[in-house]
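Residue numbers (the working numbering), protein chains in the order written: chain V, 958 to 1303; chain H, 958 to 1303; chain C, 958 to 1303.
Incorrect hints may appear among the rest.
Distance condition first, Cα-Cα at most 25 angstroms in a straight line; then the derived SDA-like pairs of lysine to any residue [claimed, not checked]:
(1) H/1032 - V/1044
(2) V/1032 - C/976
(3) V/1286 - H/1046
(4) C/1032 - H/1032
(5) V/1268 - H/1150
(6) V/1032 - C/1123
(7) V/1019 - C/976
(8) H/1268 - C/961
(9) V/1032 - C/1124
(10) V/1032 - C/1087
(11) C/1286 - V/1044
(12) C/995 - C/1123
(13) V/1268 - C/1124
(14) C/995 - C/976
Hints in this document: simulated from the structure, not taken from any laboratory.
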Amino acid sequence: MFLRNAWYCAGWSDGLSQGANALLVRRIAGESIVLYRKPSGEVVALEDRCRHRQAPLSLGRKEGDALRCMYHGWKFGPDGMCIEVPGQPRVVQQAFVRSFPVIEKNDWIWVWMGDPALASEELICHSVGPNHPEWDLRTAHIEVNTNYRLEIANLTDLSHVAWVHQDTFGGTTAYSAIRAKQTVTARGLNQEFWVRGVPAPTFAKHLFPEEARFDLHFNVTFTVPCNFILHFRVFTAGKAADGPSDGQLLLDTFSSQAVTPRDGESVDYYYSWGAQRGTTAPGLIELLIESNHAAFLEDKRILEGQFQRMKELPDYRMCDYHQDSGPAKMLWVLDKLLKEEAENVA
Amino acid sequence: MFLRNAWYCAGWSDGLSQGANALLVRRIAGESIVLYRKPSGEVVALEDRCRHRQAPLSLGRKEGDALRCMYHGWKFGPDGMCIEVPGQPRVVQQAFVRSFPVIEKNDWIWVWMGDPALASEELICHSVGPNHPEWDLRTAHIEVNTNYRLEIANLTDLSHVAWVHQDTFGGTTAYSAIRAKQTVTARGLNQEFWVRGVPAPTFAKHLFPEEARFDLHFNVTFTVPCNFILHFRVFTAGKAADGPSDGQLLLDTFSSQAVTPRDGESVDYYYSWGAQRGTTAPGLIELLIESNHAAFLEDKRILEGQFQRMKELPDYRMCDYHQDSGPAKMLWVLDKLLKEEAENVA
Amino acid sequence: MFLRNAWYCAGWSDGLSQGANALLVRRIAGESIVLYRKPSGEVVALEDRCRHRQAPLSLGRKEGDALRCMYHGWKFGPDGMCIEVPGQPRVVQQAFVRSFPVIEKNDWIWVWMGDPALASEELICHSVGPNHPEWDLRTAHIEVNTNYRLEIANLTDLSHVAWVHQDTFGGTTAYSAIRAKQTVTARGLNQEFWVRGVPAPTFAKHLFPEEARFDLHFNVTFTVPCNFILHFRVFTAGKAADGPSDGQLLLDTFSSQAVTPRDGESVDYYYSWGAQRGTTAPGLIELLIESNHAAFLEDKRILEGQFQRMKELPDYRMCDYHQDSGPAKMLWVLDKLLKEEAENVA
Chain V
958 MFLRNAWYCA
968 GWSDGLSQGA
978 NALLVRRIAG
988 ESIVLYRKPS
998 GEVVALEDRC
1008 RHRQAPLSLG
1018 RKEGDALRCM
1028 YHGWKFGPDG
1038 MCIEVPGQPR
1048 VVQQAFVRSF
1058 PVIEKNDWIW
1068 VWMGDPALAS
1078 EELICHSVGP
1088 NHPEWDLRTA
1098 HIEVNTNYRL
1108 EIANLTDLSH
1118 VAWVHQDTFG
1128 GTTAYSAIRA
1138 KQTVTARGLN
1148 QEFWVRGVPA
1158 PTFAKHLFPE
1168 EARFDLHFNV
1178 TFTVPCNFIL
1188 HFRVFTAGKA
1198 ADGPSDGQLL
1208 LDTFSSQAVT
1218 PRDGESVDYY
1228 YSWGAQRGTT
1238 APGLIELLIE
1248 SNHAAFLEDK
1258 RILEGQFQRM
1268 KELPDYRMCD
1278 YHQDSGPAKM
1288 LWVLDKLLKE
1298 EAENVA
Chain H
958 MFLRNAWYCA
968 GWSDGLSQGA
978 NALLVRRIAG
988 ESIVLYRKPS
998 GEVVALEDRC
1008 RHRQAPLSLG
1018 RKEGDALRCM
1028 YHGWKFGPDG
1038 MCIEVPGQPR
1048 VVQQAFVRSF
1058 PVIEKNDWIW
1068 VWMGDPALAS
1078 EELICHSVGP
1088 NHPEWDLRTA
1098 HIEVNTNYRL
1108 EIANLTDLSH
1118 VAWVHQDTFG
1128 GTTAYSAIRA
1138 KQTVTARGLN
1148 QEFWVRGVPA
1158 PTFAKHLFPE
1168 EARFDLHFNV
1178 TFTVPCNFIL
1188 HFRVFTAGKA
1198 ADGPSDGQLL
1208 LDTFSSQAVT
1218 PRDGESVDYY
1228 YSWGAQRGTT
1238 APGLIELLIE
1248 SNHAAFLEDK
1258 RILEGQFQRM
1268 KELPDYRMCD
1278 YHQDSGPAKM
1288 LWVLDKLLKE
1298 EAENVA
Chain C
958 MFLRNAWYCA
968 GWSDGLSQGA
978 NALLVRRIAG
988 ESIVLYRKPS
998 GEVVALEDRC
1008 RHRQAPLSLG
1018 RKEGDALRCM
1028 YHGWKFGPDG
1038 MCIEVPGQPR
1048 VVQQAFVRSF
1058 PVIEKNDWIW
1068 VWMGDPALAS
1078 EELICHSVGP
1088 NHPEWDLRTA
1098 HIEVNTNYRL
1108 EIANLTDLSH
1118 VAWVHQDTFG
1128 GTTAYSAIRA
1138 KQTVTARGLN
1148 QEFWVRGVPA
1158 PTFAKHLFPE
1168 EARFDLHFNV
1178 TFTVPCNFIL
1188 HFRVFTAGKA
1198 ADGPSDGQLL
1208 LDTFSSQAVT
1218 PRDGESVDYY
1228 YSWGAQRGTT
1238 APGLIELLIE
1248 SNHAAFLEDK
1258 RILEGQFQRM
1268 KELPDYRMCD
1278 YHQDSGPAKM
1288 LWVLDKLLKE
1298 EAENVA
């Protein structure tokens, strides 16, 4: 159901401090995990479950590099090995908890849920973090009660912008006519497309004359499990009907979005949005992230309603149409990788 | 579990306006339904589930006679046929959603859950709506977390008035001695009985001298799925021990009650109560509906407690007694119709 | 899953008054029970389920020694036999509800869940109630969402005081080195041990100089289902390394604790703590019970977290250590009795 050999986002770096009581509890792909920082700042991820009697280590206490369970005092190192059992000189060899590879990159914390030997940093998706010198970004987080496959379908078919987001990102039905250039990759799907000659999106309408028209360029890199990286640029509307816009670049933005399934029924959604420092005006970054948040609440509403209906009738016969090609391709990639994992285990 | 070929009440007419955003979501007999009014005022009931990816149509937008799903913009006519798929010239023939026959009658909206060819208006129970010229009525609604079979048993055995409603409708244990004249019909059960020489019901005690006595006449028409239509009259106590009271008619009331199962664990209960304009006094109608509401909260408390206990021990061996004849007969009618439906499907 | 032939605590005596509406609802070992007092003061425990249609008798009405169901008025005596069916001269012989043996002792109400013929008062654990002339005690109650086997494991391994209760009862890791004298009994486990030369517990630190040291004596009588009776004494630290402390007795306390499983996922926890009147100072009893309550909330937090994790992975392979001997012995006693009951039934 979940890809094991993949990096899952556990949150923004600034969500996990160095404080003595700073323990972050996460549910990732059906497993309970506790994260903390060593004195060096390095992040540790352990199964949130003491080997002794399953008490949550997240109710425990940081001690240097280690974490002590506060039920009976068993202490575990960052590699998950038990290094102290109070009142007993010897530590049982089986007394370890699972330790997960962790990498912090571009202000995101990534946890590898599968075989540690396969945890290559190269498999972490490219992203732009809020501390990048060239971009001015804001970050946020929401929770959505849906299955992550429905998030994948949502993010790989942006025609929904016309309808779900008519009051935020939308303002034109041109999105329904998108014909994206789609490229299947080893672990994802790239999509690139133009939306040309359209009015300003609803959230920015007040900044432009009503008759102003724009060319919008989307470049999406989507990777498993559910990472959506978007380079989005706005030009004044040009005359070109194909290829690059011959209008003037007004705004150059970047959004990094990571959706982490907690289980089969809910996800954590971490995202940022912002612009190249050269293309921003005062207040613009705040406007971007606020409209982004409003738009994601629109998605949340429709995705949770959809998931409710799907649970009512799991065998309902749905109808497809041309815009399902993005979701179909990306879910095909995911299912292929899931099948490979299942075969490697068997 | 639920009768399909039956009219189910979806609410009072004034609960569904003509407004642009007026979409009513209902769960009826295990199915999710969205209702809206066409510009003509006619009510439409569709399955609340877009054919494309099951997004709720109740999160959509009314467009004339049609309803547009606001996930990817598919548009459905009042017959459930898809009439537009944005960005695609052709509409797939299978792209329909289920449309349910609807009739609005006496201020109630009725939805037919079974074969549309069998949706005869004659099967709608007789009722009196709040806009009837001769009756002065008030309406209300409660939700009860119980199975509707327990509501049937409650409403077809009014001996419970003595106990459940001692503080509202009751005030005498004479209800325990009811011997109703019962007539089984094709789709229900009629019950008619007198309760004679009793004090005023608790809720009206303050209106009469303590020694005042009354003859009460009940005429109940009960039909599937769970519709309780009551003509209830109050006379001054007469001398007749059988047949009509020879007392004076004080109050002539009518109550229409429709219980709609949402699923196997909860119901919507729509009801009215009021009196012939000729027999009312100032404030009396309000007193009737308020005491009715208080009484139904008494029912809700006992029915929800009972349902909780039944779920704890589904195989518990219960004991019957003489007052179970009403419930037994009505549930026999329901089960006979359920069996016929099951056989017709097979 | 639950021992039937055992006394289960249903609460403190002062929790069930003589009032006309005083009906106590309890869930004990998976069964719904209603308790009330006869005019004589004697407590009655009946299954909270009318024989007629399973309406809760706890929504009923006390009438002398009897309890009337307020759905259709059936009336049951304290032995559970139906003694009146309104409107019907004869009472059906099968119309009884289960009646449970009840004994009130030392201010606790005990209910016997098994064969009434085996309900010997001698099987009720020794305890000290708040009305005892020699002890000054306070009582309290909490609810914990866990399985009672985890409560047993918690209470028969007090090494957890060092960690769970570092901010209340603890203040030393010496508890981790406890080597209790353990005696298995027919229906329980006795444990006796000293903790010597330790600082004051955290909650009482402000009452003593920092360098003050104490010898602590614990004498625990634990019996099925989950009753923890503790005689706890504090001495000034003496020189004896074995046997009784040669320090001075400062405080002589007694705590009676009864954990009643509601079902497999939650328990009611009734407890008292206090001291011999000769060894108390003003405000001390209040300090004891307040710190006790704070400590039990610490337990609740860890037990509920642990139970959550156990439900996630019921087949998780845990590791044992030397302090598990108390839990292991007590659960062995419980499982032996459960097996015997199962065999006697078969």
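Given the hint that residue 1286 of chain C pairs with residue 1044 of chain V, does the C-alpha gap stay at or below 25 angstroms? 19 angstroms, holds
Hinted pair residue 1032 of chain V and residue 976 of chain C, Cα distance within 25 angstroms: 54 angstroms, violated
Is residue 1019 of chain V close enough to residue 976 of chain C, meaning Cα to Cα at most 25 angstroms? 53 angstroms, violated
Given the hint that residue 1032 of chain H pairs with residue 1044 of chain V, does the C-alpha gap stay at or below 25 angstroms? 70 angstroms, violated
Restraint check for residue 1032 of chain V with residue 1123 of chain C, where alpha carbons must lie at most 25 angstroms apart: Cα-Cα ~16 angstroms, so holds.
Holds or violated: residue 1268 of chain V with residue 1124 of chain C, Cα cutoff 25 angstroms? 46 angstroms, violated
Does the structure keep residue 1032 of chain C and residue 1032 of chain H at a Cα separation of 25 angstroms or less? 60 angstroms, violated
Take a quick look at whether residue 995 of chain C and residue 1123 of chain C sit within 25 angstroms of each other, Cα to Cα. With Cα atoms ~46 angstroms apart, residue 995 of chain C and residue 1123 of chain C exceed 25 angstroms; violated.
Residue 1268 of chain H and residue 961 of chain C: Cα distance at most 25 angstroms? 21 angstroms, holds
Quickly compare the C-alpha distance for residue 995 of chain C and residue 976 of chain C to 25 angstroms and report which way the hint goes. 10 angstroms, holds
Within 25 angstroms, alpha carbon to alpha carbon, are residue 1268 of chain V and residue 1150 of chain H? 47 angstroms, violated
Within a Cα-Cα threshold of 25 angstroms, do residue 1032 of chain V and residue 1124 of chain C meet the stated pairing? 19 angstroms, holds
The structure is inconsistent with the numbered hints 1, 2, 4, 5, 7, 10, 12, 13, although it conforms to all the rest.
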